Amino acid sequence: MSQKDTLGQELSRRGISRRALLKFAAAAATSLALPPSFAPAIAEELSKARRQSLIWLSFQDCTGCLEALTRSEAPGIERLIFDFVSLDYQETLMAAAGTAAEDVLKAVAQENRGNYLLAVDGSVPVADNGVYSMIGGRSPMAILSELAEGAAAVLAIGTCAAYGGIPKAAPNPTGAAGIGALVGGKPVVNIPGCPPIPEVLTGVLVNFLTFGKLPDLDAQGRPLAYFGTTIHDQCYRRPYYDQGKFAKSFDDAGARQGWCLFELGCKGPTTHNACASLKWNGGTSFPIQSGHGCLGCSEPDFWDKGSFYTSLSGGEGPPWGAVAGAAAGGVAIGGAAAFAARRARASVERQLAQEWKAQEDEA
Amino acid sequence: MTLLDFARGPALYAATLIMVCGLVWRLTGVALLPFRRDLAASGPNAKGRVSGALWQVVSRSFPRRSFLGRTMVTVTIGYAMHIGLAVILLGGAPHILLVTQATGLDWPALPKGIVAIASGVTLVSLLLVILRRLTHPVLRLLSNVDDYLSILLTLIPVLTGILLAEETLLPYETLLTWHILSVEALMIWLPFGKLAHVVFVFAGRAALGARQARKGALQ
Ligand code: SF4
Ligand code: SF4
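Just so you know, the sequences run in chain order A and B. Here the UniProt record's numbering is used: the first residue of the first sequence is 1, the next is one more, and so on. Here the UniProt record's numbering is used: the first residue of the second sequence is 1, the next is one more, and so on.
No lab work stands behind these hints, which were simulated from the structure alone. Treat the hints with care, since some could be wrong.
Chain B is nowhere near these chain A residues, computed Cβ spacing over 10 angstroms in every case [stated by the list, open to error]:
| hint | residue |
| --- | --- |
| 1 | R50 |
| 2 | A107 |
| 3 | P171 |
| 4 | F246 |
| 5 | V331 |
| 6 | I333 |
Facing chain A, a subset of chain B residues (Cβ under 7 angstroms, in silico) [said to hold, decoys possible]:
| hint | residue |
| --- | --- |
| 7 | V20 |
| 8 | D147 |
| 9 | G216 |
Keep in mind that this is a model prediction, so the values were computed, not measured. By construction, the Cβ of each residue, glycine as well, lies at the ideal position given by its N, Cα and C atoms.
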């Protein structure tokens, strides 16, 4: 596959019909929240699209995002779009290493300046000049600024890249930060999730290949089409929530009947993601379907929002010692107030007694 | 820390501590006040203090027949609001959950629909209460900031709670945040204004009932 090939040529080489492409385009239009009438135009643009150069940087990450994306079992065109993108630099996947890899990076960035997409997974350590994650003797921040400069757009892949994620969890020793907070002047799209849903990345790529720009974003910089609703809004257990039928433990009768997991700590009501509609592993299932509440992984600071098993309406309860202390404080203040009142009353009574006595004496 | 984390964490703790401290403070303060010695001889109809106290607690909960014509509306609205609040607080699943997670106590919840009706009734009653206060010529002159603040601080949690339960108008997270924060405002004000009647109402009636019983003034 050469850089000049179009996606259309690649598809026909792999024996994928135009009809299949149209079907995919229709699905893509739906998932991007575009009207179905856009499908032929998307198919047309996609088949004309040339290979898109993509540079992928990994900073403070666990490689889970890359695992999820490259091992997604999505068959057919989704997979192909990902393959079709020219992944020019990715430390985990590329054969080259060391200075050879550095040279590739330099050459690719030079050659595609202004046109390449920059994907990042992992957060950037900004404390102590980035010593926590040096690559080839350079700090992540230096590498990021240089490559973001020449990129057409930046994709922050996974919650760590989008919002700092787990490396940013309190007390955040490395000063981890998300890409959006560090890159200025470039369009940045956040594709959070721990890991992110592969189809969302494909959707963003389709959008870019078709329209030459990033999709519409929500206030947290996420594609509206996928993050516009909460897990709770689309959850198939929602009728049970509305009826007030909640599983109380992971293996009680309610849990076995598929009741709502709210009381077991499900964060679906406050989590924006597409798990409940797109699902995972080619639409097989998603966490709530397998019996566990949503952890809220696509939201900023999900790691620091209390226990995964404490319900959203609940808390761990007040510190009872402190409550007892407050009550004791109340007794002390109330007692002191009453004591002051008694003294005041006593002094008034003394005075009255004196006055009466004086009057009596006069009489 | 988001506003929601603040509301569910430090703000909830602080509000709880202030409420507990304030209520205990006011109760002890009043209980230890110097009582004037009761110098009156007990009357011919004198009854036991305890039974007098209990009698007064119960009987004052019903309107007096002679005033019924004038007080009917107030009493009805008052009852509707208080019963509604009790249904919401004791019957709403999320409220029970909160208590369960804090204390381990658990009891069955009412269906969401019933709690929704109770919330609607409470909200309308509170609005009527404000309206009456603003329009009644005498009541208006008698009302002060405490009255309005106490009603408003009760009304806002009910309103945000309804929106939250129905998940309309604003995102769930925003509504949850404001619901919790508004309840905390209510908790903080509770011991210091007229809302303190939650603890004083029966204590006051009982004290009065005991005295009246000794004097034979209870009927
Ligand atoms: S399981 Fe979670 S997301 Fe689903 S209805 Fe219950 S609270 Fe909402
Ligand atoms: S269900 Fe919730 S925690 Fe699980 S992957 Fe989806 S957004 Fe993340």
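Structure-based check of all given hints:
The Cβ of A:R50 lies farther than 10 angstroms from every Cβ of chain B, with a closest approach of about 40 angstroms, so its non-interface assignment holds. The beta carbon of A:A107 is kept farther than 10 angstroms from every beta carbon of chain B, the shortest such distance being approximately 44 angstroms. Taking the minimum C-beta to C-beta distance to chain B, about 13 angstroms, the non-interface status of A:P171 holds against the 10 angstroms cut. Not every CB of chain B is more than 10 angstroms from the CB of A:F246 (nearest about 7 angstroms), against its label as outside the interface.
Once the 10 angstroms rule is applied to beta carbons, A:V331 is inconsistent with being away from chain B; the minimum gap is 5 angstroms. Against chain B, the non-interface label of A:I333 is violated: not every CB pair exceeds 10 angstroms, the least being about 4 angstroms. Contact between B:V20 and chain A, as hinted, is supported at the beta carbon level, the nearest pair being about 4 angstroms apart and thus within 7 angstroms. At about 24 angstroms, the closest approach between the beta carbon of B:D147 and any beta carbon in chain A exceeds 7 angstroms, and the interface hint on this residue is violated.
For B:G216, the shortest C-beta to C-beta distance to chain A is roughly 27 angstroms, which exceeds 7 angstroms, and the interface hint is violated.
Hint violations for this structure: numbers 4, 5, 6, 8, 9, all remaining hints satisfied.
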